[in-house]
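S.K.: Assemble the whole structure, with the sequences as input and the hints as a guide.
In order, the protein sequences belong to chains P and C. Quick note: the first sequence, position 288, residue 328 per the working numbering, numbers continuous. Quick note: the second sequence, position 135, residue 223 per the working numbering, numbers continuous.
Any given hint might turn out to be false.
[Said to hold, decoys possible] Label-pair restraints from in silico Cβ distances: (1) P:Asn-76 - C:Met-93: 47 to 55 Å; (2) C:Arg-516 - P:Leu-375: 20 to 28 Å; (3) C:Val-509 - P:Ile-187: 38 to 46 Å; (4) C:Ser-130 - P:Leu-271: 56 to 64 Å; (5) P:Leu-196 - C:Val-314: 55 to 63 Å; (6) P:Ile-356 - C:Val-212: 18 to 26 Å; (7) P:Asp-368 - C:Leu-505: 31 to 39 Å; (8) C:Arg-516 - P:Ser-322: 55 to 63 Å; (9) P:Thr-371 - C:Arg-442: 44 to 52 Å; (10) P:Ile-356 - C:Val-314: 36 to 44 Å.
[Claimed, not checked] Far from chain P, by Cβ distances over 12 Å, these chain C residues were calculated: (11) Pro-352; (12) Ala-394; (13) Pro-449.
[To be verified] Partial pick of chain C residues on the chain P-facing surface, computed with a CB cut under 10 Å: (14) Trp-168; (15) Val-489; (16) Ile-510.
Please keep in mind that the hints were generated in silico from the structure rather than gathered at the bench. The C-beta atom is built at its ideal place from N, Cα and C for all residues, glycine as well.
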Amino acid sequence: MLETIWFVLWGVLWAVYFMEQRIDLGVGTLAPFIANNDTDKRLVYNSMGPFWDGNEVWLITAGGVTFAAFPTTYAVMFSALYTPLLLLLFALILRAVALEFRSKETAEGWRKFWDVCHFIGSFVPALLLGVAFANIFQGIPIDGDGIFHGNLLTLLNFYGLLGGVLFVLLFVVHGALWLAAKTEAPLSSKAANAAASIWLAELVVAVIFLVATWFFTGLYNNYLSYPVLWLIPLITVAALLAIRVFIAKEAWWKAWFASSLTIVGATLFGVTGLYPNLFPSSLNPAYSLTVFNSASSPYTLKIMLGVALTFVPIVIVYQTWSYFLFKDKVTTEDLASDEAY
Amino acid sequence: MDVLMLSRLQFAVATMFHFIFVPLTLGLAVLVAIMETLYVRSGDEEYKRMAKFWGKIFLINFAVGVVTGITLEFQFGTNWGVYSKYVGDFFGSLLAIVATTSFFLESTFIAIWFFGWKKLSPKVHALCIWLVAIASTGSAYWILVANSWMQHPVGYVIRGGRAEMVDFWAVISQPFAILTFLHNVFAGYIVAAFFVMGVSAYHLLRKSNVSFFSKSFRLGLIFAVVFTIGEVIVGDFHGKYMAAAQPTKLAAVESVWETGRGVPFSMLVIPDEENERNLVEAIQIPKFMSWLVYGDWNAEIKGLKAWPKEERPPVTLVFWSFRLMVGLGFLFVLLALIGMVRWNKLESSPLYLRVMMYSIPLPYIASELGWIVTEVGRQPWIVNGVMKTSQAVSPIAFSQVATSLVAFIVLYSLLGLAAFVIIIKFARKGPEAAAA
Chain P
41 MLETIWFVLW GVLWAVYFME QRIDLGVGTL APFIANNDTD KRLVYNSMGP
91 FWDGNEVWLI TAGGVTFAAF PTTYAVMFSA LYTPLLLLLF ALILRAVALE
141 FRSKETAEGW RKFWDVCHFI GSFVPALLLG VAFANIFQGI PIDGDGIFHG
191 NLLTLLNFYG LLGGVLFVLL FVVHGALWLA AKTEAPLSSK AANAAASIWL
241 AELVVAVIFL VATWFFTGLY NNYLSYPVLW LIPLITVAAL LAIRVFIAKE
291 AWWKAWFASS LTIVGATLFG VTGLYPNLFP SSLNPAYSLT VFNSASSPYT
341 LKIMLGVALT FVPIVIVYQT WSYFLFKDKV TTEDLASDEA Y
Chain C
89 MDVLMLSRLQ FAVATMFHFI FVPLTLGLAV LVAIMETLYV RSGDEEYKRM
139 AKFWGKIFLI NFAVGVVTGI TLEFQFGTNW GVYSKYVGDF FGSLLAIVAT
189 TSFFLESTFI AIWFFGWKKL SPKVHALCIW LVAIASTGSA YWILVANSWM
239 QHPVGYVIRG GRAEMVDFWA VISQPFAILT FLHNVFAGYI VAAFFVMGVS
289 AYHLLRKSNV SFFSKSFRLG LIFAVVFTIG EVIVGDFHGK YMAAAQPTKL
339 AAVESVWETG RGVPFSMLVI PDEENERNLV EAIQIPKFMS WLVYGDWNAE
389 IKGLKAWPKE ERPPVTLVFW SFRLMVGLGF LFVLLALIGM VRWNKLESSP
439 LYLRVMMYSI PLPYIASELG WIVTEVGRQP WIVNGVMKTS QAVSPIAFSQ
489 VATSLVAFIV LYSLLGLAAF VIIIKFARKG PEAAAA
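M.R.: Next up, the structure:
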């Protein structure tokens, strides 16, 4: 029971991380295509200014909770995915410092260099996170000792790449809606147009992904056994369709919330299908890491449950406050302030 | 070179680089909070400008600290998988606690503070930076509890092939952890004090913003006096605890080879690790080392030869790191006291100001040396007496680690260089002009 509660918390934390960081990564991936001059670029960066540090901590927490609740999964998952994980971390470092460093010097070469770093640092994690999670859904070639039999190319299979593309599209739509809500015309209208057209691609790839999931993974088994769970994908698809409705009404914040719900729903859809596995083996189901064979001691799980249920709600309260505090659109006037990126 | 050695090197690179940024974050948060409190209480705009100027440098430094911290957390999984499985009960939960209780608080409120000057009342705004200071000090506590558990494991049983937690309170309240925490936090405060004094000295030498940097310098100086002296006291207690918990580390730190009573302290020692002796032992104070460690002139100190060779840490590196760290620690006390003596004529003491300017790197070096003593001195154990470092490494390929190590070095060099250039630029530029 304790293990199952932790599994749910684990899924929720990753979902929140994706929701939060999708803003940054989506915005960063989209930026070079819609921000053409230095002012637009600075508007883009400053729209994320007050949030990126806090968003990054969700990754630390999601990783930390994996380590705390399911240490064997943490160890095997991160050693097996050694190269993609380090690529992901290096990319995230580049993205974060690019944002911090870029506007601190005026030289054009300096700014261009960090713009490129920011794009790479946004696009690569978006893709890799999708590839990694899709591969986990279909199983990873690990043996009974948790040793990975494959390399980076093993992970770049059809279903893995499909997951990667889906993630990138989800991120980009989310980031575009953020910019539409947080900036003024002309930048916001360019972002709005991008959101509308990329949304169509998102829908198409999402449908292909859901069908492919039937053939490549066992995710649907849990849904067939417990039909009430179908609510999760149904709500997710409804949220995805709602995005388009709100875009048509130019209700950017509502569209953005629908997009957040899509992301949380998509993550929970996968995680629910995975249960009780955390890191399934494609070589032999007996080698799979589950919530039961990889959890910490019940004593630790209980203490950590107390910590999580006390502090995570507090975190959500003050982070929500910070979002409300900085909900205003970023304007060219803001760029003149001493604090601006 | 094998996967083990490469993983150790990679961890050393990642940790030592991360720890360039951590101490300044710890100390500067408190200093900026004090500056802003002075502003709120006195209404003196100069203190507000001080908080803004030092706060800007704080944020750049903080950002690099955050991103390099993430790679550290994940390296336990990527490179030290066997260790992570074995001690997940402790290490995993402490990392999760630090993230939920401290990192969120720190990173959310530093952003609110930095961007919220016009959005919040002065009191709420000052509260934000205090939350940052409390959270960063809190994060140091949890991380150091985790590290102290590796130095001196408590509150566990070995069950089902791993270390399971049975007493959480024992883990988080053991004196070893409290002393390690104080030792590190004081080190961070010294780094920040010397940073603020050094940058201020640069401007005072050039007579730019004299009033602004005189105040900054003196604030740093008060901090330096309190915490350099505090560090000597805490370091002494910490050393005595370490001697009890890790006698091999003590023997390496002092390069004692033979077990004996009433052991003398030599001012000048050159260890000769290969021949299990010291090449030079000169200027001796009889029985002083026994007294230093145990407060008893005739206490027994175990020499390195009491343990088989494969259970001893590397002596030369640990010994020199420790000596140099202690020497620097006393130098910091001296520099702070000279400053106090010259309190009223600091601006007209160019030699002292110049020395302080060039002293900025020294507390950084002392901090890194301290960590070398702590971590290398614990070898060959990863968890003292429970698990050896050689058993802890992940089943990963040599080529993977070799590639990632090179990538770490390249990326971190770029990062370090860029951060250095920008911090120097803003430090030299000085504060924004006062509003007319």
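S.K.: With reference to the structure, classify each hint as holding or not holding.
M.R.: Consistency of the hints with the structure:
| no. | hint | in the structure |
| --- | --- | --- |
| 1 | P:Asn-76 - C:Met-93: 47 to 55 Å | holds, 49 Å |
| 2 | C:Arg-516 - P:Leu-375: 20 to 28 Å | holds, 24 Å |
| 3 | C:Val-509 - P:Ile-187: 38 to 46 Å | holds, 43 Å |
| 4 | C:Ser-130 - P:Leu-271: 56 to 64 Å | holds, 59 Å |
| 5 | P:Leu-196 - C:Val-314: 55 to 63 Å | holds, 57 Å |
| 6 | P:Ile-356 - C:Val-212: 18 to 26 Å | holds, 20 Å |
| 7 | P:Asp-368 - C:Leu-505: 31 to 39 Å | holds, 36 Å |
| 8 | C:Arg-516 - P:Ser-322: 55 to 63 Å | holds, 57 Å |
| 9 | P:Thr-371 - C:Arg-442: 44 to 52 Å | holds, 46 Å |
| 10 | P:Ile-356 - C:Val-314: 36 to 44 Å | holds, 38 Å |
| 11 | Pro-352 | holds, 47 Å |
| 12 | Ala-394 | holds, 35 Å |
| 13 | Pro-449 | holds, 22 Å |
| 14 | Trp-168 | holds, 8 Å |
| 15 | Val-489 | holds, 8 Å |
| 16 | Ile-510 | holds, 5 Å |
Comparing the model with each earlier hint shows no violations; every hint is respected.
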